[in-house]
Amino acid sequence: MTAPRVGVVTFPGSLDDRDAARALRLAGAQTVSLWHDEADLKGVDAVVLPGGFSYGDYLRCGAIARFAPIMTELVPAARAGNLPVLGICNGFQILCESHLLPGALTRNASRHFICRDQLLRVEAADTAWTNSYSSGQEILIPLKSGEGSYAAHADTIAELEREGRVVARYVDSAPNGSQSDIAGITNEHGNVVGLMPHPEHAVEALTGPSRDGVGFFTSILAHLAKGAPVGAAAS
Amino acid sequence: MSEVSQFDTVTKAETTPDTPQPFAELGMKDDEYARVREILGRRPTSAELAIYSVMWSEHCSYKSSKVHLRQFGEKAPETDALLVGMGENAGVVDVGDGYAVTFKIESHNHPSYVEPHQGAATGVGGIVRDILTMGARPVAVMDALRFGPADAPDTQRVLPGVVSGISFYGNCLGLPNIGGELGFDAGYSGNPLVNALCVGVMKHGDIKLAQAPGPGNHVILFGSTTGPDGIGGASVLASATFDDESQAKRPSVQVGDPFMEKLLIECSLELFAKDLVVGIQDLGAAGVSCATTELAAGGTGGMRVELDRVPLRDHRLTPEEILMSESQERMMAIVEPGKLDDFLATCAKWDILASVIGEVTEVTEEEAARGGRLVMTWHGETVVDMPPRTASDEGPVYERPLARPDDLDGLQADDPTELERPSTDAQLREQVLRVLSAPGICDPAWVTEQYDRYVLGNTVLANPHDGGMIRITDDGDRGVALATDGNGRYTRLDPYAGTQLAYAEAYRNVAATGARPLAVTNCLNFGSPEDPAVMWQFSESAKGLADACLQLGTPVTGGNVSFYNQTGSTAINPTPVIGVLGVIEDVHNRLTSSFSHSDEGAKIFLLGETREELGGSAWADIVHGHLGGLPPQVDLVAEASLGEVLADGADNGLLASAHDLSDGGLAVALAESSLRGGVGCEVKLGEEPFLALFSESAGRAIVTVRADAEGAFGELCARHGVPATPIGIVGGTDLALTHANGEIRIGLAELRTAHESTLPQIFNASR
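Top to bottom, those sequences are chains H and A.
The working numbering numbers the first residue of the first sequence as 61 and each following residue consecutively.
The working numbering numbers the first residue of the second sequence as 1418 and each following residue consecutively.
Derived by calculation from the structure, the hints in this document are not laboratory data.
Bear in mind that the values here come from a model prediction, so they are computed numbers and not experimental data.
Any given hint could turn out to be false.
The calculated DSSO-like cross-link candidates involving lysine-lysine, where the alpha carbons are at most 27 Å apart (straight line), are [as the list claims (entries may be wrong)]:
# : chain 1 : residue 1 : chain 2 : residue 2
1 : H       : Lys102    : A       : Lys1766
2 : H       : Lys102    : A       : Lys1691
3 : A       : Lys1483   : A       : Lys1446
4 : A       : Lys1429   : A       : Lys1446
5 : A       : Lys1492   : A       : Lys1960
6 : A       : Lys1429   : A       : Lys1483
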């Protein structure tokens, strides 16, 4: 069986694209580089929107990336539940701007960028990107962002809680002021996940605080192996 | 068209020799201006005057420091590792396996005082472009920062601004910040030091140089447009002392766009990989003036530039302003005609604006002898016609007068042995906590948490460890380690020894990660070179570094001099910041400075000799506000031996941790190792607990030795003649220090509060 093909999108200003690809390869995936300016997903089975500062984030984080040609094919496929998409940090911001996920990410409460090793509790272990974890499992992965404070209408938060769509929460309290200590959420199909901390930086003992981030990448391989709808073409 | 008709041309200069020119306002001396007239055989045009004034400024020409910096070359140790030496944008060293590393540290002190956020941000941008220009992919940055007292009102403005600028620019650029320094001293109140280091990696064959060979080749400006920002930044800001006028200079600080720089990096690396450039230069201080004169001088000597083809963000700019503009994120490339289309297509892919602004030209033998010929036109009329080498390489060189500072004898005689020492365990305990919580010693996380240390995925060590370390490639084990150090207090007491101590500390920090020191960069921050006392400090400092590098076999590969760091007539303590780069063959063998739970029971050894050395110490400063006496004694042979023990110990898996001893001595080192690993230690201090804890004797480190390796480690130390004293074990939840007549014991929770709460208390309160 050939390894599933997972695309990593590079926008101008993407920074953790190579790191996401490295993490996917370590987990056993075949990675495909996708370029923001091409409306072509190259038939990949899943997509990672990496961290960084797409288009400089000069308007609002993710606000311009949402309109990139690569998103024209991605958004409908993801919304329909067919294409698994993981948005990390800036990728999470892009998913919110694209309305694939509800809410928004706002400036950290401290008004400062925060880079630290952060303990998270995985709450939803049934998504395409978290099935390798168990619900309630605590993981240590880097958080590094300036606009990571999750904000949404109280009704939206209540809905996310009710439907079990809070994927991960900051343990103790959110260092950035996120509502309900939310670090990551998913859509109603569980194929689209947005996460503010960076699991791709916790995949090697040498360079990360732990190897706890690997689970996100093994999860997608397990998900795809189960014969879930595969390939952007499926949409 | 009235603007066009007003500009100064070569023709006008020839016919109006007596027109008064504002050379003095541009920072030129009478004799310098006279020399320009002599070179040109006429008065310079305004554009030529602009070029000479910036290129001959202290900042660009090193006119006061050159005679002293020469010894870095003259005393350079024999080494095969140096691939490109001083003089290029940055030096390049061979790190093995076909890889080369380029690294450099540079100051952005004055702009960071005027406008802390943008000043610091563009400091990062500038040094990153220097590294990129060598053909390397920038892979990490570090910052050595020094401010006035942490609780001083102006520090509340400057420090958060500088940190946010570095955070904004470096994080958006996607370069991990792997370490640096944070220091405070009243002398830096009106004159903070913001020194930024960048390191880049390339294959041997990829080295690019600033040169413009081949007549007919295109001269291309690419990256940002040119605007009025930073006009006169280099020559005025970097060369004037601060006084009341500095408020008026505010607009002249450059504004940074890290997103553009990120695109410029990726675009340039793609241009290099496709072999589309024959010469390259970044635009930093002195902008187009510097890039054109240096590229031309490094090539045929001939270049023709149409200045009106420079893309502007403000159409009102005059030729002189274009020449002096320091707009950021710009590069200049020399491209063969056959490769122009590919070059422009690659730039278009990255949305990078690229404009052909001129071409490389032939020069006659006579012109070559004069220093080449650089011609610039503005709407068809010649505004510059000069020999470029006279601006780039043949600027004035001064042998400034030197004089040992009058107050130095008194300062050195004011011995700290007279200072009152703690007489009870309670006092000793209180002083340990006080030193540990002082702003220059305490946990700098308030600052470093604002920097991304993970991006690129190859960071092996970063703050708070002794040095930063990165893996060179994803699929290899080889790595490089870097540390920067400087201690203005030591250097004030003895600039020669103090500089060697800064070098020794950086060397030791690199060795404590398990790497072997290989090469050196430096950023020499001093007061006014026109003050003979400052110039003496500078000369002693340069000599100290050159001698130390020769002795330990680590060449100086490049660096930067920052003069005029003073407020009014008061200079800062002389502060050479020394960066040492080392290589480790297998990054898996790296050492951290943390005591680890898994090593509970492991023996702690103190390596090196502890003497009664308190001159310039953190204890004297923090507890008594005292600066006097002599700094610790320098023994470079002992440093090299210690370095061998640490690197060998790491290679052979004998050590579980290593931490160098510096500011605050053993007290601070033990506390940091305990806090970083979250496990205590029990240590015996012997007869003189105070000296054991606070002496700052150089050439020391603490290591924990793996249980099965004590014998091998003992042999290793004996072989290198390094004294190794077992002082205790790792374990427990306290910093437990016993001595002949008692003990002090501090729980890790109390220790942590003392160490970690200082900066948040000061800087969160101000928001």
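These are the hints, each one checked on the structure:
1. Taking the CA atoms of Lys102 of chain H and Lys1766 of chain A, the gap is near 19 Å; set against the 27 Å cutoff, the hint holds.
2. Note on Lys102 of chain H and Lys1691 of chain A: the hinted pairing holds, with a Cα-Cα distance of about 25 Å set against a maximum of 27 Å.
3. Of the pairs offered as hints, the one joining Lys1483 of chain A and Lys1446 of chain A holds, with about 18 Å between alpha carbons and a cut-off of 27 Å not exceeded.
4. Simply put, Lys1429 of chain A and Lys1446 of chain A have alpha-carbon atoms about 23 Å apart, close enough for the 27 Å limit, and the pair holds.
5. Restraint check for Lys1492 of chain A and Lys1960 of chain A: the C-alpha separation of about 10 Å stays at or below 27 Å, so the hint holds.
6. Annotation: proposed proximity of Lys1429 of chain A to Lys1483 of chain A is violated, straight-line Cα distance about 35 Å (limit 27 Å).
In summary, the one numbered hint that this structure violates is 6.
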